[in-house]
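Quick note, the sequences are listed as chains W and F, same order. With the first letter of the first sequence counted as 1, position 108 gets the number 108 in our numbering; the numbers rise by one all the way through. With the first letter of the second sequence counted as 1, position 297 gets the number 297 in our numbering; the numbers rise by one all the way through.
Because the hints were derived from the structure by calculation, they are not lab data. Keep in mind the model is a prediction, meaning the values are calculated, not measured. For every residue, glycine included, the Cβ atom is placed at its ideal position computed from N, Cα and C. Heads up, a few of these hints could be off.
Chain F is nowhere near these chain W residues, computed Cβ spacing over 10 Å in every case [claimed, not checked]:
1. T2
2. I22
3. N27
4. L28
5. A31
6. N35
7. W129
8. T141
9. T152
10. A164
11. S171
12. V172
13. A184
14. D185
In silico SDA-like links for lysine to any residue, alpha-carbon gap of 20 Å or less [to be verified]:
15. W/K125 - F/R19
16. W/K16 - F/R19
17. W/K72 - F/E51
18. W/K16 - F/K46
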Amino acid sequence: MTDQEWLALMHKDAKKGRRALIEQYGNLVYAIVLNKLKASASREDIEDCVSDVFVAVFTAADSFSLGHGTLKTYISTIAKRTAIDAWRKISYRQNTTGYLEEAVPTELPSEEETPEETVSRSLQKQRLWEIVRSLGEPDTTIVIRQYFYEQTAREIGKALSMTAAAVQKRSVRARQRIKELLEADGYDYRKGDAV
Amino acid sequence: MKRRMNPDDRNLWKEWDDRMIEELAECVPALDDAAKDRIERLCEEKMELRETMNTQNTIYATNVENITRTQRYRPLIAAAACLLLTVGAAGVFMMGTHRPGVTPPVATDVPTEMTTEPTAETQPNHSDTNGSDIREALHILTERAMMVSADYPTKGEALEGTSLYEVDFAQMEADGSPYDYASFEFLIRATFTPDVADWVLNDSIYKEIDGVLYIDEEKAAHLQGVPVNWSAFTVTIDAITEMDTGNTCTFRAIATDDPAIQFPDLTVEDRTDYYTAQQVDELGWRLSEKPEYLVKE
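Next up, chain W with everything else stripped away, as it sits in the complex:
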């Protein structure tokens, strides 16, 4: 569905329009929010934050002018900002005294990091992502579900119609394969830095 079609649907039938947006961008918003909150929030908190994102978009739908960009970029930015606000609120509730940057990795480099190191880290991140994608299914899905969505082997097995033991075994092999590929690139995983 295009952005214009969605706006037209919102004006015609708001309830259907809301559901359509959740269907289309729910996974993206969830991933963005999860990326910011998984260190400190429960699943309920994350879903609550996701709903906040959509409420913000629905509320602003009447005043949208799509000339500024795509709906996807707008929703993504709203999701990122709302997640950071939620992180602050949750941290306050949990009496966390740390800064956001300490708990959640962001694009901002730390004070000690040089620009070269920042670029290097970004490239490593990109390379790791390429390797994960190159593993092939179902290993790619298993690794993502296990290490990004933080699902258990049982949950992953249920989603992929596999046993938990099979998921665990495939996960071990996948990690071994990732390690080999990173080492072939000259990455020393024990130091956590490129050599």
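Once you've looked at the hints, dock chain F against the given chain W.
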């Protein structure tokens, strides 16, 4: 601090810089239908809540407008009253000076009724007396409410630029103080018209933030200034401060004139238990906003 999410803000429309998250979400979608249903339901609830809050804000603005409108005429009324008094005094003076030999009567006796305090059996019907009684009671109870708020605060909470004191209901109940709060709210409900009472109780003095109820001390202190339309109805309240150390709270209030008042049966005497949910409903207290201790199933 919450950031603004204005769609006109061009920064919100800039290209999303973290492609990896996007690819990842496309590669492995995390939400199943049940999760999407839950999120949709949450959205619906929040949208409804927003609409309700918008409606309440409109009502609040209307109430404030009504109240401030009456305040605009105060100087005029005061000036008219002064003029009337001056003319009356001048008239009396002129009459006295034009009738030599006639001395004004001197009060030689004080009526004994003046020293008798009203009881539950005696119901004063003069609106002036009622007004002063209520004002006096209101003053006492406002002070008491503030004392309660001062006795059980989480001191130092300064939220949104106001001095707020957290009310520890559990501690109040343990100390037998909830009746202070209960009779205070009761009096407000019995004294003001329902919409003004709602404003006073819900929007003006009490504030709920993240599930915790606070008393705004500064606004509570200004309660005395809220105008009351005394001529619209007559309320008789007596023995409201009759509270012993046990669980007895005696007060009596009768709304007489205005059928629009939602308190047809306000006589509650010598109660030794809490209000029932039905009584709370009859008194017009909304279940979602009353303290838990007011309900005993």
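Results for each hint:
1. For W/T2, the requirement that its beta carbon stay farther than 10 Å from each beta carbon of chain F is met, with the minimum near 16 Å.
2. The claim that W/I22 lies off the interface is violated: its Cβ sits roughly 5 Å from the closest Cβ of chain F, which falls inside the 10 Å cut-off.
3. Not every beta carbon of chain F lies more than 10 Å from that of W/N27, the smallest distance being close to 4 Å; the non-interface claim is violated.
4. For W/L28, the condition that its CB be more than 10 Å from all CB atoms of chain F is violated, with the nearest at approximately 5 Å.
5. Not every CB of chain F is more than 10 Å from the CB of W/A31 (nearest about 4 Å), against its label as outside the interface.
6. A Cβ of chain F approaches the Cβ of W/N35 within 10 Å, the least distance being about 6 Å, so the stated non-interface status is violated.
7. Taking the minimum C-beta to C-beta distance to chain F, about 5 Å, the non-interface status of W/W129 is violated against the 10 Å cut.
8. Separation of W/T141 from chain F is inadequate, the least Cβ-Cβ distance of about 5 Å not exceeding the 10 Å criterion.
9. W/T152, annotated as away from the interface, keeps every beta carbon of chain F farther than 10 Å; the closest lies near 14 Å.
10. Against the 10 Å criterion, W/A164 stays outside the reach of chain F, whose nearest CB is about 18 Å from its own CB.
11. The claim that W/S171 lies off the interface holds: its Cβ sits roughly 14 Å from the closest Cβ of chain F, which is beyond the 10 Å cut-off.
12. In this structure W/V172 is separated from chain F by more than 10 Å, as the shortest Cβ-Cβ distance comes to about 19 Å.
13. Here W/A184 stays apart from chain F, with its beta-carbon at least about 21 Å from theirs, past the 10 Å limit.
14. Distance check on W/D185: its Cβ is at least 18 Å (rounded) from any Cβ of chain F, clearing the 10 Å threshold; non-interface status holds.
15. At most 20 Å may separate the alpha-carbon atoms for a hinted pair to count; W/K125 and F/R19 meet this at roughly 12 Å.
16. For the suggested pair W/K16 and F/R19, the alpha carbons sit about 28 Å apart, so the restraint of at most 20 Å is broken.
17. Taken as a hint, the W/K72 and F/E51 pair is broken in the structure, with Cα atoms around 26 Å apart against an allowance of 20 Å.
18. The hinted pair formed by W/K16 and F/K46 meets the criterion: a straight-line CA distance of about 17 Å does not exceed 20 Å.
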